[in-house]
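Chains A and B, in that order, give the protein sequences. Per the working numbering, the first sequence starts with residue 1, numbered consecutively. Per the working numbering, the second sequence starts with residue 1, numbered consecutively.
Take the hints with a grain of salt, since some may be wrong.
Claimed, not checked - Coverage of chain B stretches by chain A, computed from C-beta distances (three or more under 8 Å per stretch; other residues unrestricted):
| id | region |
| --- | --- |
| 1 | 42-48 |
| 2 | 64-76 |
What the hints assert, rightly or not - Below are the DSSO-like pairs computed for lysine-lysine, each with C-alpha atoms no more than 30 Å apart in a straight line:
| id | chain 1 | residue 1 | chain 2 | residue 2 |
| --- | --- | --- | --- | --- |
| 3 | A | Lys107 | A | Lys319 |
| 4 | A | Lys167 | B | Lys21 |
| 5 | A | Lys183 | A | Lys134 |
| 6 | A | Lys134 | A | Lys107 |
| 7 | A | Lys167 | A | Lys307 |
| 8 | B | Lys21 | A | Lys12 |
Hints listed in this document are in silico derivations from the structure and should not be mistaken for laboratory results. Every residue, glycine too, gets a C-beta built ideally from N, C-alpha and C.
Next come the chains, spelled out residue by residue.
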Amino acid sequence: MKFVDEFRDNQKAQYLQRAIHELAAQLEPTLSRPLQIMEFCGGHTHTIFRYGIEQMLPKSIEMVHGPGCPVCVLPMGRVDDCVTLAERPEVIFTTFGDAMRVPGSRKSLLQARADGADVRMVYSPMDALTLARKHPEREVVFFALGFETTMPSTALTVLQAEREGIKNFSLFCNHITTAPTIKAVLDEPDLMLDGFLAPGHVAMVIGLQPFEFIARDYHKPLVITGFEPLDILQSLWMVLKQFTENRCVVENQYARVVQPTGNQAGLQAIHNVFETREFFELRGLGSIDHSGVSMRANYTPYDAERKFAMPNLTVTDPKDCQCGAVIKGLIKPWECQIFGKKCNPENPMGALMVSSEGACAAYYNHGYTGKAA
Amino acid sequence: MCLGIPAQIMAITDAERCMAKVNVGGVLREVNIACIVDEEHPIEQCVGDWTLVHVGFALSRIDEDEAQRTLELLAELGELQQELDAMERSGAAA
Ligand code: SF4
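Next comes chain A alone, as it looks inside the complex (with noise of 0.2 Å):
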């Protein structure tokens, strides 16, 4: 109780907290184990640390922190890709400072500048376009990753260069997909997760039809949560109620940003530069079918895949990481046998500790080491 002290409007998130309590009280007598409920977000997982939201939480009710964190699932391979373009003489190498720090088999990208490679940390793809601008005789190459909550901002970018022919700018194409990303987590065979925390931002984007697969074909209950604590709070209640009264359906909880069907300029301007990749690997999950999104062919000059001979290798993660297992809810990050140890936020060895979004940076900094949750 301690936290709720910090709740800007901690009478809501006692009245909250106490309707909470009082679903679970009316579910617990058919309930055989605590519920799950994944937060898929980072962002999400972040809010609820820093407001201790778990330790507000009945017994009954178990939180999974989930793999929506672009940067936590980044595979090796990929990284590898971004240092050995980064080494060529000619790139400059543009990223989102959150991807620096992400090991890679040989080193990080924050290794790479050390060692003279012209990586830059920038704050939006449009400034990597301005690069090209002043650039002319150097290639600027963008690193596009995040869900489809960036993916309108890469592909708006790529219509600009398009548009003013600039030549030298081009994009290597990592976003992800969510709802391939969350039917992946449900087919695991020992998956126990019981409803969801689906990210507002992605909605806002792509709509609520996206997700309601979830909902018709595996049966659970999912609620759009916006990322302020009594969002979190209220869109749980709304899971508990649709498991008091039998029902299973998508509800938008952050209804003041997220229309049902998406934004439509942002949607065009995805739909006209990205198409789906059969496959795409993603770190700790593996191989999954259509989680990625490729250029399409017309944009084949401004896709630094093609435009540059890249490595594409598959490396597998140190033997001792067991980021997958934590991603999936399966272990709690400090059952890894190196958290902590071999593997912390100064010295990450898997993705989940570089980002503050991470589950496993998230229960480094707060402290929790297995004993005191």
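The hints should help you fit chain B with the ligand onto chain A, whose structure is shown.
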């Protein structure tokens, strides 16, 4: 990268490219607003709007209360300063 940051549109700087100057927590920067412009809300009506900006692109319109609450949340999560730093130190300046 994923959370988005509230910003108020101050001026349209390039209507053809859908670029606008916005104020994000006191920092001025150009962002692309193509995704929040449509027939019902043409670009010249966007000045004064609050939007949620993801990596330099406004992806939705929000009301001012929502913008304020989100700014406070980002500050509490320690992400506000990080975003503003990323904006200011963006490699394009180099
Ligand atoms: S402790 Fe490190 S290696 Fe183990 S699961 Fe977490 S990030 Fe992966």
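Consistency of the hints with the structure:
1. 42-48: violated (count 0)
2. 64-76: Coverage by chain A holds for the region 64-76 of chain B (6 residues, Cβ < 8 Å).
3. Lys107/A - Lys319/A: Given pair Lys107/A, Lys319/A holds - Cα atoms ~17 Å apart, limit 30 Å.
4. Lys167/A - Lys21/B: With a Cα-Cα distance of about 27 Å, the restraint between Lys167/A and Lys21/B holds, given a limit of 30 Å.
5. Lys183/A - Lys134/A: Roughly 43 Å between the alpha carbons, so the hint for Lys183/A and Lys134/A is violated.
6. Lys134/A - Lys107/A: 29 Å, holds
7. Lys167/A - Lys307/A: 11 Å, holds
8. Lys21/B - Lys12/A: 36 Å, violated
Hints 1, 5 and 8, counting from the list given before, are not met by this structure.
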